[in-house]
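Residue numbers (full-length UniProt numbering), protein chains in the order written: chain A, 1 to 204; chain B, 1 to 204.
Bear in mind the hints are in silico, worked out from the structure with no lab data behind them.
Ideal Cβ positions, reconstructed from N, Cα and C, are used throughout, including at glycine.
A hint or two may mislead.
As a list, the in silico DSS-like pairs of lysine-lysine whose alpha-carbon atoms are at most 30 Å apart [said to hold, decoys possible]:
(1) Lys20/A - Lys176/A
(2) Lys116/B - Lys20/A
(3) Lys115/B - Lys116/A
(4) Lys20/B - Lys116/A
(5) Lys93/A - Lys73/A
(6) Lys53/B - Lys53/A
(7) Lys93/B - Lys115/A
(8) Lys11/B - Lys116/B
(9) Lys115/A - Lys93/A
(10) Lys20/A - Lys43/A
(11) Lys115/A - Lys116/B
(12) Lys93/A - Lys116/A
(13) Lys53/B - Lys43/B
(14) Lys115/A - Lys11/A
(15) Lys115/A - Lys115/B
(16) Lys53/B - Lys20/A
(17) Lys11/A - Lys176/A
(18) Lys93/B - Lys116/A
Chain A side only, calculated, beta carbon under 10 Å to chain B, not exhaustive [stated by the list, open to error]:
(19) Val149
(20) Ala157
(21) Ala170
Each chain, letter by letter, is given below.
There are 2 protein chains.
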Amino acid sequence: MAPPPAPQTMKERILETADKLFYLQGIRAIGVDTIAAEIGISKRTLYNHFPSKDALIAAYLERRFVHARPSDKPPAEQILGTFDSLERRFSAKDFRGCPFVNAVAELGPTDRAVKKIAIAFKESRRVWFRERLTELGVAEAEALATQLVLLVDGSIAQDLVRDDPAMARAAKEAAKVLLRNAGVDVGGGAAKPTATRGKRAPQQ
Amino acid sequence: MAPPPAPQTMKERILETADKLFYLQGIRAIGVDTIAAEIGISKRTLYNHFPSKDALIAAYLERRFVHARPSDKPPAEQILGTFDSLERRFSAKDFRGCPFVNAVAELGPTDRAVKKIAIAFKESRRVWFRERLTELGVAEAEALATQLVLLVDGSIAQDLVRDDPAMARAAKEAAKVLLRNAGVDVGGGAAKPTATRGKRAPQQ
DNA sequence: TTTTGGTTACACAGACCTGTGTAATTAGTC
DNA sequence: GACTAATTACACAGGTCTGTGTAACCAAAA
Numbered sequence: 001m002a003p004p005p006a007p008q009t010m011k012e013r014i015l016e017t018a019d020k021l022f023y024l025q026g027i028r029a030i031g032v033d034t035i036a037a038e039i040g041i042s043k044r045t046l047y048n049h050f051p052s053k054d055a056l057i058a059a060y061l062e063r064r065f066v067h068a069r070p071s072d073k074p075p076a077e078q079i080l081g082t083f084d085s086l087e088r089r090f091s092a093k094d095f096r097g098c099p100f101v102n103a104v105a106e107l108g109p110t111d112r113a114v115k116k117i118a119i120a121f122k123e124s125r126r127v128w129f130r131e132r133l134t135e136l137g138v139a140e141a142e143a144l145a146t147q148l149v150l151l152v153d154g155s156i157a158q159d160l161v162r163d164d165p166a167m168a169r170a171a172k173e174a175a176k177v178l179l180r181n182a183g184v185d186v187g188g189g190a191a192k193p194t195a196t197r198g199k200r201a202p203q204q
Numbered sequence: 001m002a003p004p005p006a007p008q009t010m011k012e013r014i015l016e017t018a019d020k021l022f023y024l025q026g027i028r029a030i031g032v033d034t035i036a037a038e039i040g041i042s043k044r045t046l047y048n049h050f051p052s053k054d055a056l057i058a059a060y061l062e063r064r065f066v067h068a069r070p071s072d073k074p075p076a077e078q079i080l081g082t083f084d085s086l087e088r089r090f091s092a093k094d095f096r097g098c099p100f101v102n103a104v105a106e107l108g109p110t111d112r113a114v115k116k117i118a119i120a121f122k123e124s125r126r127v128w129f130r131e132r133l134t135e136l137g138v139a140e141a142e143a144l145a146t147q148l149v150l151l152v153d154g155s156i157a158q159d160l161v162r163d164d165p166a167m168a169r170a171a172k173e174a175a176k177v178l179l180r181n182a183g184v185d186v187g188g189g190a191a192k193p194t195a196t197r198g199k200r201a202p203q204q
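Start from the sequences, fold in the hints, and give me the full structure.
Below, the structure written as structure tokens:
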């Protein structure tokens, strides 16, 4: 049943270790020597698989860029579920903020490559929210998606400095208010009629 | 009229330059040599005023910890004004996120001193929101203040990677919805009566 | 067996960093 | 002028980092 022990390629082993160290301790704080030592390989081998540390950093971020899995739960549940999984991640002791935001903060405004992938990631999250909102028939899906993204990133930043998983719950409560205000039924309180209220979901 | 040219002390000159370089290019990216060279002083002089780079970093962050000036505008206006000034700062080309969040991201979870001042700063902003909300008679000032802080930090993080001042406007719109939902009149739409609505401000 | 490809150990270049030591210099004050 | 305090120039120790060069090694394929 379980697939064979997955003969992990050397490249993947390097990436996996780089990911752990870069993310937990910072890209600038970790040297290639440290990564090689952690795996138990020589630095030469590492450089045989990645031409430079920059290339390794880029590969690290690209590997972090996982797209959301499709789900058949109702869209509103999916949206709010985001905040639940955020809370779970905040509670894990190996959470240290958003790797993309951290990379931009660490590497500075000069590193175009890093910024580019960070933008792409943030945008993909926003689009995901927007699609769920459109499914719900929300009129101003675009604007609301942006606001939800702000709550996500805000809670991540707050948790990064405060180590407080409650930030995810606070974000979820705020998200509920915003959704309800847009005419989405999120349980617990009646949707209030509003000028910007969405029509009933007519999609497909 | 204008005060005399302000005979800036050497310490202040160092701090000012360190601030500019640390904030714009990153703490790890800037060496003490660079700071000294930028001012045109010797590295020795810098070390005569600060015992170590760590001390300089701490002083830099403490100097960034400016407390909000008291205002006599109505509290709701003050709260929303936060997002306006955020938008102005986003539009400036020398904005590069929150120095405290950046420092925590750069220096990692080990640096207790940096984390401590970052927490203190974030908390002071939350308290400021809470006080304004209490003045408005909002019942759940505590929870709402946290949510507003999420919007602030979220828009900062988003602008950091996207360079989009519109993030501040989006945060402001979300804040309006949250305030309105708590019974605060923010103009443009009637406050909706709610279970959690605040009583009329009875404070002092 | 011979060949081939990935790997290892290890030294090293070149850069940059923090922090110190020292003697000379400047500027202000008594 | 003489004394004092800050500043300067400059070398340097000791550390870290990225990236390369090289010869030996090992295992599997031909």
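Tested hints:
With a CA separation close to 34 Å, the supplied pair lysine 20/A and lysine 176/A exceeds the 30 Å bound. Distance check on the hinted pair: lysine 116/B and lysine 20/A sit about 25 Å apart at the alpha-carbon level, within 30 Å; holds. At roughly 28 Å between alpha-carbon atoms, lysine 115/B and lysine 116/A fall within 30 Å of each other, so this suggested pair holds. For the hint pairing lysine 20/B with lysine 116/A, the CA-to-CA distance comes to about 25 Å; that is within 30 Å, so the pair holds.
For the proposed pair lysine 93/A and lysine 73/A, the alpha carbon gap of about 29 Å is at most 30 Å, so the pair holds. The hinted pair formed by lysine 53/B and lysine 53/A meets the criterion: a straight-line CA distance of about 26 Å does not exceed 30 Å. Distance restraint check for lysine 93/B and lysine 115/A: the Cα-Cα separation of roughly 16 Å lies within the 30 Å cut-off, and the hinted pair is therefore satisfied. Of the pairs offered as hints, the one joining lysine 11/B and lysine 116/B holds, with about 23 Å between alpha carbons and a cut-off of 30 Å not exceeded.
Straight-line distance between C-alpha atoms of lysine 115/A and lysine 93/A comes to about 27 Å, which keeps the hinted pair within the 30 Å bound. Taken as a hint, the lysine 20/A and lysine 43/A pair is honoured in the structure, with Cα atoms around 17 Å apart against an allowance of 30 Å. For the proposed pair lysine 115/A and lysine 116/B, the alpha carbon gap of about 28 Å is at most 30 Å, so the pair holds. Between lysine 93/A and lysine 116/A, the direct Cα distance comes to roughly 29 Å. Compliance with the 30 Å bound is thereby established for this hinted pair.
A threshold of 30 Å between alpha carbons decides the hint, and for lysine 53/B with lysine 43/B the separation of about 11 Å falls inside it, so the pair holds. Restraint check for lysine 115/A and lysine 11/A: the C-alpha separation of about 24 Å stays at or below 30 Å, so the hint holds. For the hint pairing lysine 115/A with lysine 115/B, the CA-to-CA distance comes to about 25 Å; that is within 30 Å, so the pair holds. A distance of roughly 28 Å separates the Cα atoms of lysine 53/B and lysine 20/A; the hinted pair therefore holds under the 30 Å criterion.
A hinted pair counts as satisfied when its Cα atoms are at most 30 Å apart, and lysine 11/A with lysine 176/A does not qualify at roughly 43 Å. For the hint pairing lysine 93/B with lysine 116/A, the CA-to-CA distance comes to about 18 Å; that is within 30 Å, so the pair holds. Hint status for valine 149/A: holds, given a least beta-carbon distance of 7 Å to chain B, under 10 Å. With its C-beta approaching chain B no nearer than about 4 Å, alanine 157/A sits inside the 10 Å limit, and its interface hint holds.
Using the Cβ-Cβ criterion of 10 Å, the hint placing alanine 170/A at the interface with chain B is satisfied: the shortest such distance is roughly 5 Å.
Of the numbered hints given earlier, the model fails hints 1, 17; all others are met.
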